[in-house]
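Trainee: Protein chains in written order, with my numbering: chain A, 219 to 696; chain B, 219 to 696.
It is possible that part of the hints are untrue.
Each pair may be met inside one copy or between any two copies, as identical chains are not told apart.
List of simulated lysine-lysine pairs, DSSO-like, C-alpha gap at most 27 Å [claimed, not checked]:
1) Lys520 to Lys424
2) Lys470 to Lys546
3) Lys631 to Lys222
4) Lys662 to Lys529
5) Lys254 to Lys222
6) Lys254 to Lys650
7) Lys529 to Lys684
8) Lys365 to Lys536
9) Lys569 to Lys540
10) Lys279 to Lys222
11) Lys523 to Lys305
12) Lys279 to Lys301
13) Lys393 to Lys694
Because the hints were derived from the structure by calculation, they are not lab data.
There are 2 protein chains.
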Amino acid sequence: MNDKQVKEITSKDKDFAKWYTDVVKKADLVDYSSVKGSMIIRPYGYAIWENIQKILDKEFKKTNHENVQMPMLIPESLLQVEKDHVKGFAPEVAWVTLGGNNKLEEKMCIRPTSETLFCDHFKKIISSYRDLPILYNQWCTIVRWEKTTRPFLRSREILWQEGHTMHATKEDAMKETLRMLKIYEDFQKNVLAIPVFTGEKTNKEKFAGAEKTYSIEAMMYDGVALQNATSHYFGQGFSKAFDIKFLNQDNKLENPYQTSWGATTRMIGSIVMVHGDDRGLVLPPRIAPIKVMIIPIGNDEKIDKALKEIKEDLDNCKITYKVDDSNKTPGFKFANAEVKGYPIRIEIGKKDLENECITIVRRDTLEKTKVSVSDAIIKVNELLINIQNDMYKRALERRDNMIYYPNTYDEMKEIAENKPGFIYTNWCGNEKCENKIKEDLGLKSRCIPFEGADPTGDKKCICCGKDAKTKIYWAKQY
Amino acid sequence: MNDKQVKEITSKDKDFAKWYTDVVKKADLVDYSSVKGSMIIRPYGYAIWENIQKILDKEFKKTNHENVQMPMLIPESLLQVEKDHVKGFAPEVAWVTLGGNNKLEEKMCIRPTSETLFCDHFKKIISSYRDLPILYNQWCTIVRWEKTTRPFLRSREILWQEGHTMHATKEDAMKETLRMLKIYEDFQKNVLAIPVFTGEKTNKEKFAGAEKTYSIEAMMYDGVALQNATSHYFGQGFSKAFDIKFLNQDNKLENPYQTSWGATTRMIGSIVMVHGDDRGLVLPPRIAPIKVMIIPIGNDEKIDKALKEIKEDLDNCKITYKVDDSNKTPGFKFANAEVKGYPIRIEIGKKDLENECITIVRRDTLEKTKVSVSDAIIKVNELLINIQNDMYKRALERRDNMIYYPNTYDEMKEIAENKPGFIYTNWCGNEKCENKIKEDLGLKSRCIPFEGADPTGDKKCICCGKDAKTKIYWAKQY
Numbered sequence: 219m220n221d222k223q224v225k226e227i228t229s230k231d232k233d234f235a236k237w238y239t240d241v242v243k244k245a246d247l248v249d250y251s252s253v254k255g256s257m258i259i260r261p262y263g264y265a266i267w268e269n270i271q272k273i274l275d276k277e278f279k280k281t282n283h284e285n286v287q288m289p290m291l292i293p294e295s296l297l298q299v300e301k302d303h304v305k306g307f308a309p310e311v312a313w314v315t316l317g318g319n320n321k322l323e324e325k326m327c328i329r330p331t332s333e334t335l336f337c338d339h340f341k342k343i344i345s346s347y348r349d350l351p352i353l354y355n356q357w358c359t360i361v362r363w364e365k366t367t368r369p370f371l372r373s374r375e376i377l378w379q380e381g382h383t384m385h386a387t388k389e390d391a392m393k394e395t396l397r398m399l400k401i402y403e404d405f406q407k408n409v410l411a412i413p414v415f416t417g418e419k420t421n422k423e424k425f426a427g428a429e430k431t432y433s434i435e436a437m438m439y440d441g442v443a444l445q446n447a448t449s450h451y452f453g454q455g456f457s458k459a460f461d462i463k464f465l466n467q468d469n470k471l472e473n474p475y476q477t478s479w480g481a482t483t484r485m486i487g488s489i490v491m492v493h494g495d496d497r498g499l500v501l502p503p504r505i506a507p508i509k510v511m512i513i514p515i516g517n518d519e520k521i522d523k524a525l526k527e528i529k530e531d532l533d534n535c536k537i538t539y540k541v542d543d544s545n546k547t548p549g550f551k552f553a554n555a556e557v558k559g560y561p562i563r564i565e566i567g568k569k570d571l572e573n574e575c576i577t578i579v580r581r582d583t584l585e586k587t588k589v590s591v592s593d594a595i596i597k598v599n600e601l602l603i604n605i606q607n608d609m610y611k612r613a614l615e616r617r618d619n620m621i622y623y624p625n626t627y628d629e630m631k632e633i634a635e636n637k638p639g640f641i642y643t644n645w646c647g648n649e650k651c652e653n654k655i656k657e658d659l660g661l662k663s664r665c666i667p668f669e670g671a672d673p674t675g676d677k678k679c680i681c682c683g684k685d686a687k688t689k690i691y692w693a694k695q696y
Numbered sequence: 219m220n221d222k223q224v225k226e227i228t229s230k231d232k233d234f235a236k237w238y239t240d241v242v243k244k245a246d247l248v249d250y251s252s253v254k255g256s257m258i259i260r261p262y263g264y265a266i267w268e269n270i271q272k273i274l275d276k277e278f279k280k281t282n283h284e285n286v287q288m289p290m291l292i293p294e295s296l297l298q299v300e301k302d303h304v305k306g307f308a309p310e311v312a313w314v315t316l317g318g319n320n321k322l323e324e325k326m327c328i329r330p331t332s333e334t335l336f337c338d339h340f341k342k343i344i345s346s347y348r349d350l351p352i353l354y355n356q357w358c359t360i361v362r363w364e365k366t367t368r369p370f371l372r373s374r375e376i377l378w379q380e381g382h383t384m385h386a387t388k389e390d391a392m393k394e395t396l397r398m399l400k401i402y403e404d405f406q407k408n409v410l411a412i413p414v415f416t417g418e419k420t421n422k423e424k425f426a427g428a429e430k431t432y433s434i435e436a437m438m439y440d441g442v443a444l445q446n447a448t449s450h451y452f453g454q455g456f457s458k459a460f461d462i463k464f465l466n467q468d469n470k471l472e473n474p475y476q477t478s479w480g481a482t483t484r485m486i487g488s489i490v491m492v493h494g495d496d497r498g499l500v501l502p503p504r505i506a507p508i509k510v511m512i513i514p515i516g517n518d519e520k521i522d523k524a525l526k527e528i529k530e531d532l533d534n535c536k537i538t539y540k541v542d543d544s545n546k547t548p549g550f551k552f553a554n555a556e557v558k559g560y561p562i563r564i565e566i567g568k569k570d571l572e573n574e575c576i577t578i579v580r581r582d583t584l585e586k587t588k589v590s591v592s593d594a595i596i597k598v599n600e601l602l603i604n605i606q607n608d609m610y611k612r613a614l615e616r617r618d619n620m621i622y623y624p625n626t627y628d629e630m631k632e633i634a635e636n637k638p639g640f641i642y643t644n645w646c647g648n649e650k651c652e653n654k655i656k657e658d659l660g661l662k663s664r665c666i667p668f669e670g671a672d673p674t675g676d677k678k679c680i681c682c683g684k685d686a687k688t689k690i691y692w693a694k695q696y
């Protein structure tokens, strides 16, 4: 095999950071631009994002959410209405100060998130309980002025969706917050084949202005955490600050209860870092823009006939595919199919056809099977399911092997220094311990899971030794 | 009918501008925001945009275009590379000068269009004729610092798509420019039911940096022109300025040939202004998010049974519908269905059902038909086609009645001052005459059509009397 492309990829165990940038570049997901901190999402990377959008958007609409489009610019005074929110975001926004050649009377930031814009609108359209719930979503680009950036993981410009909803009761809003978290969780598991922990963020780590933040936390191949989506319960914080009121069923004025929830192109980074290997990208079938890459080896009548039959079968089953009929060598094409991570590759060669068969290669295990042309479609359908399931199982097993349960702070330190992964401990709930663990061990709290979060063992905080309130995950993070 | 909502709409013949804002507001397409010059696209308006996106995107992909995402910010130095381009756009961009609290070393503008960003990328990925053509498209938001704004028509933030392509030959690039113009033209006619003139813009009106600009020009109800999409041929202007080179088939270095083409949410404004009436919005079926609004009048077993049957039939035919079962009066619901412009409304009432029928109302003519429940789906299918065709025909007839063919400048002046519409005349091709007509009559050149543009009659320019080179359309514009 002419696998120069593959060999140019750094080994992931040798230098994971370099491996990551090699893969996102060589698989043609992104390119760097002259715009510092911003990336170009190339057609193959954007096709993955389009699939993510299509699947999530369908889930949002099924649950009665409607898409809208708010302005992209937020006047400074609007950003300032909710005090915690502005404190959290003002240091990291991009400010527009000039329109053409004229200085603006009031500077405006490019939205880092749109709670303030939605609230400004909600104030105008909400007056009665009959107007509630309002269930909105927006697909757009946001800007956060990050200092160090990495493709998909941390970028100045981020493509995302942000849901913003308003409810007549606390219970309804909390239900929505958790419903959307569940949609994200299911999407990660079932579509991206990524196992996640879901739970509540600590007070220190919650969203600026939220009462509660919930997140889904995935573990990358190197044991580092990636927060893949968040869902926030705001209570009445913003609705009071923005003076949004509705006449409730008892004919009394009340401030509505709010949520917001979002997920970004960062998810593409987590697909790469959970599933990729030293030969490049490995895409779960359900998110892969092209599920099958067909590579005819040479060309004669028999090959053309087999190709035609297979294409027809794939079309009938609505399985996306491409045929690589470029003038490159077969070896080059095989390697390219591996770097790009197409779930399945079909090789149609003269020799195989003499024995009435073709070769099917699954990308995740590189396992080869020979089947007859007419059985190819059955095998492909079977493999697409198996690959999806096996990728999830392997990711789950790998992750679970990298979770540690120390009983003492010394043990925790030892693990933090030597073993990549998540650490699950008792915690007193005090921010002081959270800060100490961050400073000493470089670990941040991930989330307090919904289940099994009661303190265990001696029921003392791993850090201060006082009574623990809960269990919690810790990890290094992207 | 309780048609307070309808009565609140200004008559379009009395005050067209007021009528327009009444309709876009009352049909819940947009709302104003605290952000000056930017609008909020509400769920109903955004659903129209989603339909536009879905249909156009499919056409783009059918013609082998791929979607990408470029950065949103352009460093000043990058905007300046192509001289005509920066001259055209610099006065109307929003400049980011601060990141968080820090002054940027180089200010960056929010993209007003992305030729410079695409060229910056093309330079890196093009090296051989084998890399060409590159056929990219991007869906995104752009910003142009307009002084006076109107929902959809002129806004500081604009949702659009911008295609950017590179080709090995002039012919290929020109073919692409015209192919995309044709896609826009067909979309306008067949989907939006809007007749358009297609043709070339004058030198004065072409896009900053383009060699040739082609446009599709629609006439609004008030006779004013709206440029609904443009397609540009750049030649090698940008590719030379950006030093983009490829090895051609003769093994020689050459600059590739470029196009770009775009269409915006402005198209929604033109749907409103071509088809709307004094009762509100009228949507062509093919672009309507909800094709049928069902209004049960009262509720009893018979009504429920009829409703169920009709819903099943619509589901089977994949026709989008909604049922208005709110606690408003039937009259209010009828009026609301008219203001929102749903192509068809079905009224299911007790009285009708006693005669074994229901009432179907088409929005464009308000004509009512009574049919049996089981025949409803046949009627709906028939009406959806007829409404679409009739709306186009009426728009075409109205437009053609508002085109004038003066033979002298005095005649032209007389028409410009008294008759709304387009004026078609001979023209010498000189910018002086174009400027004079703009100053004297307030008319701008629209386009030189592809066919029938040879001078006619005395073959003299309507303005200066010198030999005419072509015929051309003139009109007031939005």
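Trainee: Of all the hints given earlier, name the ones this structure violates by number, lowest first.
Mentor: Checked against the structure, the hints that fail are numbers 1, 3, 4, 5, 6, 7, 8, 10, 11, 12, 13, while the rest are satisfied.
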